[in-house]
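Colleague: Spelled out from the first residue to the last, the chains are:
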Amino acid sequence: MVDGRSMVKRRTGLRLWLSGGWIMLLVLAALLAPWISPQDPLAQDLFMGRLPPFWAAGAEPGYPLGTDSLGRDVLSRMLHGARIAVLVALIAGICTGIIGATLGLIAGYFRGWPDLVISRLIDIWMAFPPVLFAILLVAVVGPGLTSIILAIVIIDWTRFARVIRAEAMAQGAMDYTASARVAGQSRIGTMLTEILPNVLPTIVVLLTLEMGIAVIVEAILSFVNLSISTDDPTWGGMIAEGRASVHQAWWVLVFPLVALFLTVLSFSQLGEGLKDRFDPVLR
Amino acid sequence: MALLRTILLRLLTTAITLIGVAVIVFVVIRVVPGNPIAMMLPPGATEADIDRLKALYGFDKSIPAQFVIWVQGVMQGNFGTSISSRQPVLGLVLGRLPATLELSLMALVMAVIGGGLAALTGTRLRGGRVEGAIDVANGMALSVPDFLWGLVLILLFGVLWPVFHISGRISPALDLPFATNFYLIESILRLRFDLLADLLAHMLLPALALAIPLAAIIAQLLKQSLKETMHLDYVTLARTRGYSESAVIWREALPNALLPTLTLVGVQFTFLIGGTVIIERLFSYEGLGNMAIDAVINRDLPLIQGIVILFAVIFTGVNLVVDLAYAALNPRLRHG
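Residue numbers (the UniProt record's numbering), protein chains in the order written: chain X, 1 to 283; chain Y, 1 to 336.
Careful: at least some of the hints might be erroneous.
[What the hints assert, rightly or not] Away from chain Y, derived, C-beta distances all over 10 Å, residues of chain X:
| no. | residue |
| --- | --- |
| 1 | Asp45 |
| 2 | Gly49 |
| 3 | Pro129 |
| 4 | Leu192 |
| 5 | Ser268 |
[Unchecked claim] So the derived label-pair ranges between C-beta atoms look like this:
| no. | chain 1 | residue 1 | chain 2 | residue 2 | range |
| --- | --- | --- | --- | --- | --- |
| 6 | X | Pro201 | Y | Ile297 | 39 to 47 Å |
| 7 | X | Gly144 | Y | Leu4 | 28 to 36 Å |
| 8 | Y | Leu4 | X | His247 | 58 to 66 Å |
| 9 | X | Leu87 | Y | Arg251 | 51 to 59 Å |
| 10 | X | His247 | Y | Gly58 | 40 to 48 Å |
[What the hints assert, rightly or not] Short derived list, chain Y residues pointing at chain X, Cβ under 7 Å:
| no. | residue |
| --- | --- |
| 11 | Val31 |
| 12 | Ala292 |
| 13 | Tyr326 |
These are calculated hints, taken from the structure and not from any lab test. Just so we're clear, the structure is a prediction, and the values are computed from it rather than from any experiment. Just so it is clear, CB atoms sit at the ideal spot from N, CA and C, and this is done for glycine as well.
Looking at chain Y on its own, in the form it has when it is part of the complex:
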């Protein structure tokens, strides 16, 4: 019963948040200076031409009226038409989404593995020099944001020792047999390891740039909760029963230390997805974020709106899933 109430309450606040985002972005982009319509028409277009196009995109109506029309469209899966490419926004956005999803998920996996290993190693070798080194590296990784890590990686592995690609998602010369835009997943499913290698050579640096700060957060938090767990009675008991230190950490302490880390990783993952905007720009990676910056520069209002809403849906969706998972996994919440 308590769980059901938690779920309903969370769904309600999620809905309010999404409506809030829609209203704010709708109002903000409509005060953008620079007339997007005038930019669409060739020089010498008459006032009548401009008015006709304005009416076509609905820009001649008041902002509240435009919002109502937009919401009605969204209900039917119609997010409007992009001004710069004159294609439906939904198709454009969904076409780019897989690139961003693959990049974010790859970064998440790298962060979980890297951060997890750092926390386990630091706990196993606590009190020694290795733990100190891990703490210092962690502090650095935590202080510097993804944008700067991206630039450092470009210099190290794109210029100084050029082993990885620093722009694009895949080499343009390659023939792509893909049916969807999930290149990475499809290349694995089709067993095209040549394409997979090319994709990874492009994705590795941007994914690493996104992963470094998150890995540091995971390492710090997991190490902290492992430390707390290591003092508990049942861990001491396992030790007296003759388990090795590594087995004690892995089998006894880790499962109990995971829950607090899990909740935080959820929130931090949304920050990582937000970071893709600038990282994609930095690495000329053809994802959603790169398209969003182009849309702002081109004053493509319907497209900006669609992308921001999609990001908001992803963010709130991730948070919702994490909250519900936490509620379901945590016995204290489950029983109210």
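So here's chain X without its partners, still in its complex pose:
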């Protein structure tokens, strides 16, 4: 029994290091992509089509992870795809967090009609199939990075709003918020100085999870071919190409899939690990 806590702690520590390490690597790859890519990610060479990765027979030096059907280097496209993944994770995650958490705070702390309106909106949002909604929104706004980020924010704000609303409601019922009000603080002031700091750990955890989700949504949208223009390298676009030629060139699908898999897993494990860290019972 005594060991239980330290074991959980050690496992959490390892999890945080591994997932954090992969994300650092990803950010580094995104920053350095133009300098460390062996080839131009857009350069086509039909004579170099479907080259296998370096360990297989018929591989060419300079194309370590092989090429796709148009002769474009898989590794270079993955490194450039990481830029879009990181960008979408950061911007879409943060925007979704700000909007969702604000609405959740207002609904949970002020209650009354703001809560009624926001809760009804959440209900309506929950009745949409999210992927279809995202595809529809990108079709409306037109392809491009901005519209993907916009679509993610519009679909996913409810993730924050639902949780933060419940937390703010619980905090609002506690004595310390009441005493802040008695001490003469305004309602908005109480919300910002008393409630917000107490729900901040939850926001950070949700934000980490949301970044993983944003990367997936971007990949899904580029898979359906509504993302950036098809030439630009994205992991989802590469996966779509790889899926189409999976029987001829499995590596075009496997490498971006592994990158996407590890990224999503890392964000989610990071979020879960942070949740354990913030948990006062375990601390």
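Fit chain Y to the given chain X structure using the hints.
Modeller: Quick look at chain Y alone, frame taken from chain X:
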């Protein structure tokens, strides 16, 4: 009395939700750039031709006026005409619905069985290595969404060890004696096990991709509530009366641990149905979701509208049923 009030309140909020969905989707798809009418006509069509078609589909009126006409149609069971196929939307959508329903229900069954078994095994062998392994597998399954599981399954069982089909719902060469689009159910009822095997070989991977995350959620939640129940007095009492550990879990703890899991499974099932959109696309499975993506690409506004509304009806319907079942099963709510 309290139960009746709960039911009426839930019906009212469900109605508001559906109206909200209808309004939002109606407005959103009408700001889609790209003129669907121009895409229908051959090149060289005159302005007059375009105007005539616009009037035919009602696109020449204001958005509120179009909405009123659409609602009036829906009241009479008329969801408009698809632009790309020129057939009634309702018929198209209902024709595809069985494929999606069969896929989702199969995934649900797989998730309940898989998640339930994992939770029971983890509880029976708690504290040991097996429980640790189940927890780690659960964490993985939970972190990675259905889309990625689908791709992993395609690689494993479609390419590396090609035992299952990775596209379509049924082999196109087969002769189908079916009267409805519920292929799976009909193949069982007609005792056509050759067709059933072919259907399952197509459905297994997409259903598994949808089932994995839900199975993990069920396992986690059921294990948690089993753990809480195992400490209760009546469970200890059953143990002292000489029941085996497995019998204690199965007969005493499980029935009481099911209720909280049931409510969550309802909500999660709607997420699973939402996931069919991309999973059907990934596996070229001819269901509602695949049709929806085509409709968006083709700018088929009436069809998009019909599909989104149908999804919303299914989602709110599932939630409604779960809430009412919970209210009926939970004695605390029943007596107000």
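Colleague: Run every hint past the structure and note whether it holds.
Modeller: Here is what the structure says about each hint:
1. At roughly 25 Å from the closest C-beta of chain Y, the C-beta of Asp45 of chain X stays outside 10 Å, upholding its exclusion from the interface.
2. Every CB of chain Y is more than 10 Å from the CB of Gly49 of chain X (nearest about 19 Å), matching its label as outside the interface.
3. The claim that Pro129 of chain X lies off the interface is violated: its Cβ sits roughly 4 Å from the closest Cβ of chain Y, which falls inside the 10 Å cut-off.
4. With a least beta-carbon separation of about 30 Å from chain Y, Leu192 of chain X lies farther than 10 Å from that chain, consistent with its non-interface assignment.
5. Separation of Ser268 of chain X from chain Y is inadequate, the least Cβ-Cβ distance of about 4 Å not exceeding the 10 Å criterion.
6. At about 42 Å, the beta-carbon gap between Pro201 of chain X and Ile297 of chain Y stays in the expected band of 39 to 47 Å.
7. The supplied range of 28 to 36 Å is broken by Gly144 of chain X and Leu4 of chain Y, whose beta-carbon atoms lie about 51 Å from each other.
8. Distance hint check for Leu4 of chain Y and His247 of chain X: the Cβ-Cβ separation is about 59 Å, which falls inside the suggested range of 58 to 66 Å.
9. Separated by about 55 Å at the C-beta atoms, Leu87 of chain X and Arg251 of chain Y satisfy the suggested range of 51 to 59 Å.
10. For the hinted restraint 40 to 48 Å between His247 of chain X and Gly58 of chain Y, the CB-CB distance of approximately 46 Å keeps it satisfied.
11. For the restraint placing Val31 of chain Y at the interface with chain X, the shortest Cβ-Cβ distance is roughly 6 Å, inside the 7 Å limit, so the hint holds.
12. For Ala292 of chain Y, the interface hint holds, the least distance from its beta-carbon to any beta-carbon of chain X being 5 Å, beneath 7 Å.
13. A least Cβ separation of about 17 Å between Tyr326 of chain Y and chain X goes past the 7 Å threshold, and the interface hint is therefore violated.
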